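*Asks:* The primary structure of each chain is shown beneath.
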Amino acid sequence: MTKNHHEIIICGAGMIGLTFALLMAEKKIKVCIVDKNDKESLLKQQDNRTTAISQGSYRIFRKLGIWKKLKNEFQSINQIFVSEGLGSHDINFDHKNLKEGPLGFIVNNKLIKRTLLNEVSKSKYISFKYCTEIFNINNEDIDNSFIETKNVKLYFRMLVAADGRFSRTRYHANIKYYFHDYQQTAFVFNISHTKKHHGVALERFFPTGPLAILPVKNLKINQSSVVWTVDSGVANDDVFKINFRKEFEKKYNNFFGKLISLSEIKKYPLNVFSCYDIFKRNVVLIGDACQAIHPIAGQGFNLGLRDAFILAKTLEKSKELGLEPFNLSLMKSYENMRIIDKTLLVNATHNLNGLFSGSGEFKSLLRKAGLRIFAQSTFLKNQSMLFAMGLRSLEA
Amino acid sequence: MKSKNYKSTLNHSSKVFDNLSDEWWDENGSFKALHSFNLIRLEYLKKNNLKKSFNGLSVLDIGCGGGILCEPLSRLGAEVTGIDSNEKAINVAKEHAKMKNLKINYINGELSEVAKYNFDIITCMEVLEHVENVNQIISISNDILRKDGIFFGSTINKTLCSFLFAIFFAENVLQIVPRGTHEWKKFLKPNYVKTQFLNNGFNNFEVQGVNYNPFKNRWSFSEKTLVNYMFFATNSSK
Ligand SMILES: Cc1cc2nc3c(=O)[nH]c(=O)nc-3n(C[C@H](O)[C@H](O)[C@H](O)COP(=O)(O)OP(=O)(O)OC[C@H]3O[C@@H](n4cnc5c(N)ncnc54)[C@H](O)[C@@H]3O)c2cc1C
Ligand SMILES: C[S@@+](CC[C@H](N)C(=O)[O-])C[C@H]1O[C@@H](n2cnc3c(N)ncnc32)[C@H](O)[C@@H]1O
Chain P
2 MTKNHHEIII
12 CGAGMIGLTF
22 ALLMAEKKIK
32 VCIVDKNDKE
42 SLLKQQDNRT
52 TAISQGSYRI
62 FRKLGIWKKL
72 KNEFQSINQI
82 FVSEGLGSHD
92 INFDHKNLKE
102 GPLGFIVNNK
112 LIKRTLLNEV
122 SKSKYISFKY
132 CTEIFNINNE
142 DIDNSFIETK
152 NVKLYFRMLV
162 AADGRFSRTR
172 YHANIKYYFH
182 DYQQTAFVFN
192 ISHTKKHHGV
202 ALERFFPTGP
212 LAILPVKNLK
222 INQSSVVWTV
232 DSGVANDDVF
242 KINFRKEFEK
252 KYNNFFGKLI
262 SLSEIKKYPL
272 NVFSCYDIFK
282 RNVVLIGDAC
292 QAIHPIAGQG
302 FNLGLRDAFI
312 LAKTLEKSKE
322 LGLEPFNLSL
332 MKSYENMRII
342 DKTLLVNATH
352 NLNGLFSGSG
362 EFKSLLRKAG
372 LRIFAQSTFL
382 KNQSMLFAMG
392 LRSLEA
Chain H
19 MKSKNYKSTL
29 NHSSKVFDNL
39 SDEWWDENGS
49 FKALHSFNLI
59 RLEYLKKNNL
69 KKSFNGLSVL
79 DIGCGGGILC
89 EPLSRLGAEV
99 TGIDSNEKAI
109 NVAKEHAKMK
119 NLKINYINGE
129 LSEVAKYNFD
139 IITCMEVLEH
149 VENVNQIISI
159 SNDILRKDGI
169 FFGSTINKTL
179 CSFLFAIFFA
189 ENVLQIVPRG
199 THEWKKFLKP
209 NYVKTQFLNN
219 GFNNFEVQGV
229 NYNPFKNRWS
239 FSEKTLVNYM
249 FFATNSSK
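Listed in order, the protein sequences are those of chains P and H.
Numbering of the first sequence is given in the numbering used here, commencing with residue 2 and proceeding in unit increments.
Numbering of the second sequence is given in the numbering used here, commencing with residue 19 and proceeding in unit increments.
Just so you know, the hints here were simulated from the structure itself, not pulled from any lab data.
Since the structure is predicted, the reported quantities are computational estimates derived from the model, not experimental observations.
Treat the hints loosely; a few may be bogus.
Quick list of in silico lysine-lysine cross-link-like pairs, DSBU-like style, CA-CA up to 30 angstroms [to be verified]: (1) H:69 with P:320; (2) H:65 with P:28; (3) P:64 with P:31; (4) P:318 with H:242; (5) H:50 with P:281; (6) H:118 with P:125; (7) P:4 with H:121; (8) H:70 with P:314; (9) P:318 with H:121; (10) P:154 with P:130; (11) H:70 with P:333; (12) H:70 with P:31; (13) P:125 with H:64; (14) P:281 with H:112; (15) H:64 with P:29; (16) P:267 with P:221.
Construct the entire structure; sequences and hints are all you get.
*Replies:* Here it is in structure tokens:
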């Protein structure tokens with residue numbers, strides 16, 4: 002095997018690609034990661050977001066030894082309050098109702114990436130090619146498949162695309178996808194407030210879009226992280242821009258006491274990409290490259306991590322059985338294991354957003370009735386908590 | 019023992035495999051059920067291989083066809099010999115192994131040609147239902163297996179169900195198996211196979227039913243042996 006021949010190439014060193022590489026290394030399977038960025042910019046990426054890590058993802062990180070490297074810089078979510086508008090909390094998810102530990106953890110994206118990159122660079126099973134952008138894929142012949150980059154051809158037996166929402170691999174492999182622009186913008190920023198959050202997360206649904214406030218670990222100040230989704234029509238309105246803080250305060254409504262300060266604000270246009278095929282020949286898509294969903298339920302990362310986890314298991318199996326990394330029967334069983342989880346979440350987040358945005362009478366009635374049924378049913382609540390915690394699809 | 023006079027075990031009637039020789043490695047082609055079968059039979063082999071690992075073991079695959087089973091076993095470290103009476107299949111197998119950089123010893127001919135060698139494991143998958151003289155294959159196998167060797171096989175039961183499924187349904191309705199591949203009268207009841215093995219010096223025989231879902235092209239282990247089944251026989255008392 003020369004230096005340009007690899008059994009498995011991963012395209013994209015985002016959180017999913019990096020974790021996938023570590024999962025493979027744990028199984029003593031060599032991989033090569035390529036990313037268009039250099040190491041510096043991967044580390045410095047201006048990502049002020051936090052990620053809600055589900056119990057399922059937490060267990061994967063713990064197994065990989067990533068969790069202890071986060072050195073307590075995570076905040077557990079003990080309760081989630083959900084309401085329509087500023088209404089009293091129509092549903093209250095409390096982790097005490099299940100015996101699975103906290104509902105999830107809030108961790109800073111930069112910290113996760115730094116930790117993952119650090120582990121990756123220590124592993125002898127992982128090689129890394131920075132500043133390497135994929136220009137083309139040639140995989141008509143599975144025994145002679147390669148990607149073209151500016152300087153070299155890199156040969157692979159299996160290409161794992163983890164290059165995110167705007168995946169170029171997906172394009173080069175000619176994999177069709179569903180796309181929808183929500184005409185919504187997510188504003189992401191941190192706030193500090195006067196009261197302690199006690200690990201409470203808040204999700205408020207407004208006709209203009211949902212507002213999520215997530216507790217952040219900070220020993221000095223009371224801090225939370227905000228993902229506020231607003232219809233793009235409103236978001237681009239000049240009056241709204243000028244009155245941003247005031248508008249936010251109306252929705253925030255002093256939930257954790259008075260608002261003290263707002264950090265720098267980042268804007269993300271919201272859209273959904275969902276591929277019709279999970280793999281095509283020896284190219285397989287994971288994470289946002291395969292499905293990039295609405296952040297309404299904070300599940301994108303967790304869903305992608307389940308892709309990575311189960312794909313790693315599948316490739317381990319092909320090795321154990323003496324098969325090649327790409328084996329059609331095994332990939333079909335991978336597809337089979339993933340399809341329900343993916344379809345369910347893509348549709349659920351899509352419909353949830355549809356249901357909670359907009360202001361029709363009927364929708365509002367439906368929402369209220371729905372929330373009420375939900376609030377009264379311990380079973381539904383526990384089931385959906387388990388689902389959101391990512392414990393449903395990992396049992397296999 | 020080696021003085022036995024081996025009669026030909028070659029199956030002259032089987033032209034079917036001649037016509038299909040280009041398709042051995044097409045995972046969507048005529049042999050797609052063998053490719054998907056690989057997952058579960060390799061799992062079965064691993065589970066019941068008393069020596070734990072295949073690394074360094076000598077394996078003989080009787081009726082190896084295009085080498086669908088030989089290649090993974092070779093990757094797992096076994097020294098694999100594949101033998102098949104069909105010349106075209108052997109040529110495909112040789113070419114393919116070369117392309118995949120695998121060292122596998124392929125022989126075109128009948129079992130008696132390897133009678134001078136010894137093996138730790140013999141595999142014979144989806145072959146017994148095609149041969150004229152099952153008893154002879156088993157007898158030679160016992161001669162060439164080392165002590166504590168294992169014979170792994172898979173074949174098709176002789177039941178009404180197997181007639182309906184393996185012949186009528188699979189060859190005519192679903193057309194997942196090329197027409198004329200199977201003759202029901204050559205199908206083998208597990209008890210018959212067991213008796214043949216025990217009469218030929220093996221002292222342990224175990225059967226495992228498997229179930230094929232043609233719509234999903236997926237195999238699973240099953241309690242029943244209505245159509246397909248696997249088995250292994252050992253000769254620890256040799
Ligand atoms: C506002 C917002 C809030 C969110 N909040 C949450 C949350 O709370 N919880 C949660 O679970 N999820 C959340 N998500 C979703 C989550 O951020 C994503 O699902 C996750 O980050 C996807 O990771 P990824 O590794 O698949 O892709 P990315 O993080 O996009 O990584 C892609 C990588 O590929 C590289 N790359 C791209 N193109 C090429 C190319 N052509 N060649 C080489 N390399 C390339 C890039 O440099 C990058 O490193 C949120 C999303 C948004 C928009
Ligand atoms: C259904 S194929 C199975 C191929 C292979 N064992 C597998 O499972 O992938 C049956 C093979 O048995 C071979 N065969 C039939 N009778 C044989 C015999 N008497 N000696 C050697 N090979 C034989 C045929 O040529 C054919 O390649």
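*Asks:* Hints first: check each against the structure and report whether it holds.
*Replies:* To see whether the hints hold, each was checked on the structure:
1. Distance restraint check for residue 69 of chain H and residue 320 of chain P: the Cα-Cα separation of roughly 19 angstroms lies within the 30 angstroms cut-off, and the hinted pair is therefore satisfied.
2. Restraint check: the Cα-Cα separation between residue 65 of chain H and residue 28 of chain P comes to about 20 angstroms, which is no more than 30 angstroms; the hinted pair holds.
3. A hinted pair counts as satisfied when its Cα atoms are at most 30 angstroms apart, and residue 64 of chain P with residue 31 of chain P qualifies at roughly 19 angstroms.
4. Under the criterion of a C-alpha separation no larger than 30 angstroms, the hint pairing residue 318 of chain P with residue 242 of chain H is consistent with the structure, at around 26 angstroms.
5. A hinted pair counts as satisfied when its Cα atoms are at most 30 angstroms apart, and residue 50 of chain H with residue 281 of chain P qualifies at roughly 18 angstroms.
6. The hinted pair formed by residue 118 of chain H and residue 125 of chain P meets the criterion: a straight-line CA distance of about 25 angstroms does not exceed 30 angstroms.
7. Of the pairs offered as hints, the one joining residue 4 of chain P and residue 121 of chain H holds, with about 23 angstroms between alpha carbons and a cut-off of 30 angstroms not exceeded.
8. Between residue 70 of chain H and residue 314 of chain P the alpha-carbon distance is near 21 angstroms, which keeps this suggested pair within the 30 angstroms criterion.
9. For the given pair, residue 318 of chain P sits about 22 angstroms from residue 121 of chain H by alpha-carbon distance, which is consistent with the 30 angstroms threshold.
10. In summary, the hint linking residue 154 of chain P to residue 130 of chain P is supported, as the alpha carbons are separated by about 12 angstroms, within the 30 angstroms threshold.
11. With a CA separation close to 28 angstroms, the supplied pair residue 70 of chain H and residue 333 of chain P stays within the 30 angstroms bound.
12. Distance hint between residue 70 of chain H and residue 31 of chain P is fulfilled; the C-alpha atoms sit about 24 angstroms from each other, no more than 30 angstroms.
13. Proposed proximity of residue 125 of chain P and residue 64 of chain H is supported: the alpha carbons are some 28 angstroms apart, at most 30 angstroms.
14. Our distance criterion of 30 angstroms between C-alpha atoms is met by residue 281 of chain P and residue 112 of chain H, whose separation comes to about 28 angstroms.
15. Proposed proximity of residue 64 of chain H and residue 29 of chain P is supported: the alpha carbons are some 19 angstroms apart, at most 30 angstroms.
16. Between residue 267 of chain P and residue 221 of chain P, the direct Cα distance comes to roughly 23 angstroms. Compliance with the 30 angstroms bound is thereby established for this hinted pair.
Every hint, counting from the list given before, is met by this structure.
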